[in-house]
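*Asks:* Each chain, written out:
Protein chains: 2
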Amino acid sequence: MLTKSSSLMRLVGELKKLPGIGERTALRLAFHLLKSPRNMTALSESLCEVRDRVHPCSTCFAITENDPCSICSGNRDAGIICVVENSQDLMALERSNAYQGVYHVLEGAISPLSGIGPSDLRIAELVERIKTGSVHEVVIATNFTVEGEATALYLTRILKPAGVKISRLAHGIPLGSDIEFVDAATVQWALQGRNEL
Amino acid sequence: MLTKSSSLMRLVGELKKLPGIGERTALRLAFHLLKSPRNMTALSESLCEVRDRVHPCSTCFAITENDPCSICSGNRDAGIICVVENSQDLMALERSNAYQGVYHVLEGAISPLSGIGPSDLRIAELVERIKTGSVHEVVIATNFTVEGEATALYLTRILKPAGVKISRLAHGIPLGSDIEFVDAATVQWALQGRNEL
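Residue numbers (our numbering), protein chains in the order written: chain A, 48 to 244; chain B, 48 to 244.
Chain A on its own, in the form it takes in the complex:
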C-alpha cells in the first residue's frame, strides 16, 4: 500500500491547496485521475501550458496569451474604459455582449483589512492611460461590496480632475426577481434610479 510520503499523497496535498477542496475530495479526485493516465497527462500538460502562455495584457492587465490582448488590439472603442477588479468580472461583462469599449483590470480592490491599498492595484497605470489616450468615459464596474465601493469612490476622486466622464454600473432589481424577496437597500436604489417610460 501507499505510504504518507508516496507520490499519490503528494498529489492529494497539491489538490488540497485548491479552493473548496478538502482532504476527502482531494483523495477522490486523485483516485479518479489514477484511473486515467491519459487525463493525468492532459491535465499536467494543460497546467504547464497555462503557466507558460497566460500573462496579463501590458495595456489593460486582463489575462491573455497575446500582448496586447484581443480586446485592446481589436476593433473596440478605445474612448471608453470599463474598470473591473479582475479578469473573471471582465468575462462576465463580455458575456453580456452589451459593451463595445475597452477594459482596465485593477487586479483587486482596495481593502485596508487585507492590507491592500491603491498602490497595490493597477490604478497608476489607469491614470496614465487616461492622461495619454483619448478617453472620454470611465465606467467603474468594481463589485458592489464594501471593497468594490471603496475602490469606486477612490477612483472617482482621483479621476475627476482629469476631466473625463465617470459612470458606475446601475444598481437595481436583478432580472427575473420577485420584488418581495429583494433586499431593502436594493429596492431603495431601484426607486432612486427609476427610469421614465
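What the hints contain is simulated information worked out from the structure, not anything from laboratory work.
Note that the coordinates shown come from a computational prediction; the quantities given were computed from them, not determined experimentally.
Only true hints are included.
The list cannot tell twin chains apart, which means a pair is met if one copy fits it or any two copies do.
Simulated crosslink set (DSSO-like; lysine-lysine; CA at most 30 Å straight-line):
| # | residue 1 | residue 2 |
| --- | --- | --- |
| 1 | Lys82 | Lys64 |
| 2 | Lys178 | Lys212 |
| 3 | Lys207 | Lys178 |
Fit chain B to the supplied structure of chain A, relying on the hints for placement.
*Replies:* Same frame as chain A, now just chain B:
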C-alpha cells in the same frame, strides 16, 4: 481577452472532467491556479509522478509504488486475505488498525447493469492465490450495496469448494448512532447478529 481555444479554456476543460467539478468550479480553480505559477508547476509534476510511479501490486492489486506492495512484502499474516472492491476501501480498513492479514483488491464489483461480470474483476487471481498459498480464511469486505453483496455471494460460491473459511464484515449499528434514526434493515441485521455479553 482569452478566446475559447486558449490554454486556460483547455485547462478548464480538463478540470471539468473531474468528478463533482462543473464549469464554474473549474473556472474558479483555473483562476486560482493562475495566481500561483509555483502551484501549477507542483501540481503538474505531481500528476506526472503519480502517472509514472503508481501501479497495482502484482500480488494483491492495491495501488503501490513498489512491487510487491508494503503490505504484501511486510510482516503480515498471509494466511488471511481480506477482499475489497478498491484501494480506497483498503485504506479505510487500514485506518481501523484492526486487521493484520493481507488484501486482495478486486478493482470493482459485479454489476450486470454496467456490464461488469466476474471476468472483469481480479477474481481468477484471487482463486489462484488461494490455491497456491497457505490461506485459511477469506474476509469478504466488498461494499454493502447491491453490487457488493452480489460480489460477496459470487465469491462465497466459488471459494467454498477450496475449503477455506469465508467470512463477511459484520452488519450492525454504526458507532455513535441513535437507534431511532437507523434504517430498519440495519436494525434487523443488528438484532440477528446480537452478541452475548
